[in-house]
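J.: Construct the complete structure from the given sequences, taking the supplied hints into account.
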Amino acid sequence: MFIVTAALPYCNAKLHVGHLRSTYLPADIYARFLKSKGYTAFYVCGSDCHGTPILVRAIQEQKKPEEIVEYYHNIIKQQLEDSLIHFDIYSKTFNPNHYKMTQEFYERIRKNGYTYKEKVQSLYCPNCKMVLPDRLVRGTCPYCGAENQYGDYCEVCGRTYTPLQLRNPRCGICGNTDLEIKELNHVFFRLSELLNPVKKWLESAKVTEGAKKYALNWIKEGLRDWDISRSINWGVPIPGEKNLVFYVWFDAPIGYITFTKELFESLGKDWRKIWIEGEGYIVHFIGKDIIYHHLIFWPGMLIAAEFALPNEIRVRGFATLEGKKMSKSRRWYILLDEFFSFFDPEYLRWYWTTTTSESLSDGDFSFRTLEEKVNNVLIATIGNFIHRILSLIKRGNIRNGTLIANAISKAQAIINDTLQLYHTNQFDKAAEKIITLAGFGNELLGKTEPWRNLSTKTAHDVLFTCFAFILALNMLIDPILPRSARRLSEILQLEQKPHLSDIDKVFDSSYIKVILEQFVEQGKPFILFRKISRQRIQELLTLLKRRAKA
RNA sequence: AGCGGGGUAGCGCAGCCAGGUCUAGCGCGCCGGGCUCAUAACCCGGAUGUCGGUGGUUCAAAUCCACCCCCCGCUACCA
0 MFIVTAALPY CNAKLHVGHL RSTYLPADIY ARFLKSKGYT AFYVCGSDCH GTPILVRAIQ
60 EQKKPEEIVE YYHNIIKQQL EDSLIHFDIY SKTFNPNHYK MTQEFYERIR KNGYTYKEKV
120 QSLYCPNCKM VLPDRLVRGT CPYCGAENQY GDYCEVCGRT YTPLQLRNPR CGICGNTDLE
180 IKELNHVFFR LSELLNPVKK WLESAKVTEG AKKYALNWIK EGLRDWDISR SINWGVPIPG
240 EKNLVFYVWF DAPIGYITFT KELFESLGKD WRKIWIEGEG YIVHFIGKDI IYHHLIFWPG
300 MLIAAEFALP NEIRVRGFAT LEGKKMSKSR RWYILLDEFF SFFDPEYLRW YWTTTTSESL
360 SDGDFSFRTL EEKVNNVLIA TIGNFIHRIL SLIKRGNIRN GTLIANAISK AQAIINDTLQ
420 LYHTNQFDKA AEKIITLAGF GNELLGKTEP WRNLSTKTAH DVLFTCFAFI LALNMLIDPI
480 LPRSARRLSE ILQLEQKPHL SDIDKVFDSS YIKVILEQFV EQGKPFILFR KISRQRIQEL
540 LTLLKRRAKA
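Residue numbers (numbering that gives the first Met the number 0): 0 to 549.
No lab work stands behind these hints: they were computed from the structure.
Treat the hints with care, since some could be wrong.
[Claimed, not checked] Ranges between beta-carbon positions, derived for each pair: (1) N96 x E66: 17 to 23 Å; (2) E442 x N310: 36 to 42 Å; (3) E146 x E276: 53 to 59 Å.
We put the CB at the ideal spot given by N, CA and C, even for glycine.
T.: Structure (structure tokens):
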């Protein structure tokens, strides 16, 4: 049984096109592939609702954090749905089930002796009545003297320090310079003691190549204990501690467990089988920004709590937009809903699938390439192949034929490769193979030219064989283009979308014949994909550039 | 500064870990021809590269080693 997760979206902003690339899309493709292959698989996700950024935003907008979370949770959920991301559950961490799960998880690691308390000095802003997290203190770097730096890290010289070392500290929210020092109890997680088991797991785990090196290198110098508490009034309360909540990075990944539990309870299944007894196969999809959390902290937490460890962690890089880094402050980005108001979500899915490999490298989103990938590859090769075959079949009233043996064996090889590539998370290469299959069909047509005389045996055999290719394509494109796959099966008059578990039937003549006859009787060729117009691209691009300049 | 990733035709990439099958492939674009069933789509053919630089190992290097240059990213309380 597979549990596929995608990193939890942080609930204080809308998602942009890049979010799909690194995380939600690959996980979706993988989950859809597994299900289509006949495996039991669940795609689990939800909003990450805690942490200081949400609290700060609430303060700035004079709202409650609950309101911010509610607002963005609904938006993000909708955005992902519109991206044709199909979760088996999309929940959120601001949720009694999650509070309970996090606290129970904590109890387990506490009982196992992996926590301790220690006093920590922090800056307090009397004006905001708030203990300030490091990132909410601004001041002068104690080393290089650069002004307006964070409380923990200088962007100019790259050195780290504590907020108490910072010169002329001021509150990052209200600017107050009259800060007090408070000594407070914090809860620490003995991560340092977990160095060896974490390392051992990491070395053997199935993790994206670069990410593993990255994490192993990072722990080479050992691990420090981890402060898992914060003195703010937004988050999961720590049992037995007054005025302390869990640091968001402690509670967020536990969301994977909470959400599995919520889903499983609705299905009458036991979540413990997966997360405690280790009978499932857990795959996390994440962006490269949270490698440490998922490859080090999270396994450490799981080991300390005696929970099951993930089996695979798949990491992908970020997206740039027309060659430039996306940035909120520079207003250079495209939100998912903005893209969808211009173009079909499947075009974005196709774009990222064909341009993204499983690696830490970033990828660019460019409209020129989008046009190319959609118009000249997806449509010209696959869409056009399907359309011309169906048109010829309809016109020639082709109802049967014989499969061309050597063409079939070649197609079978391509299909096997595609399945293998899906399985190993190489979706870009899987898409390439799918293109190859359609290309091979086109080649066959070019050589045999069945349109010259549709009543010949060759014409019948070629079209019969190509029709089998279309059935295969219908199954193969489904994980990437689920909506088009559905539409294609409707065109073919199939009662339901075919599954990859039935892929062998595709080359069974009697099976093909039934579907072919059905199609010739009742179906008609239909344009599956519409081309992207250059004018629409221009319009959206103009919009983005105008916003960036404003 | 340290660490990670990367530098291969106009653009995007594969190959490198297990050196020869690479007189370096693929997609898009480009040029020429064909076809007309098809969404001006499709088929066939072609051109374009000192594989970041220098040196080394080897019978043989895009692939291994050393040094250097350039780009991107990260560096535990920002998710």
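J.: Confirm or reject each hint.
T.: The hints, checked one at a time:
1. Between N96 and E66, the C-beta spacing of about 21 Å keeps the proposed range 17 to 23 Å intact.
2. About 40 Å separates the C-beta atoms of E442 and N310, a value consistent with the hinted range of 36 to 42 Å.
3. For E146 and E276, the Cβ-Cβ distance of about 54 Å falls inside the hinted range of 53 to 59 Å, so the restraint holds.
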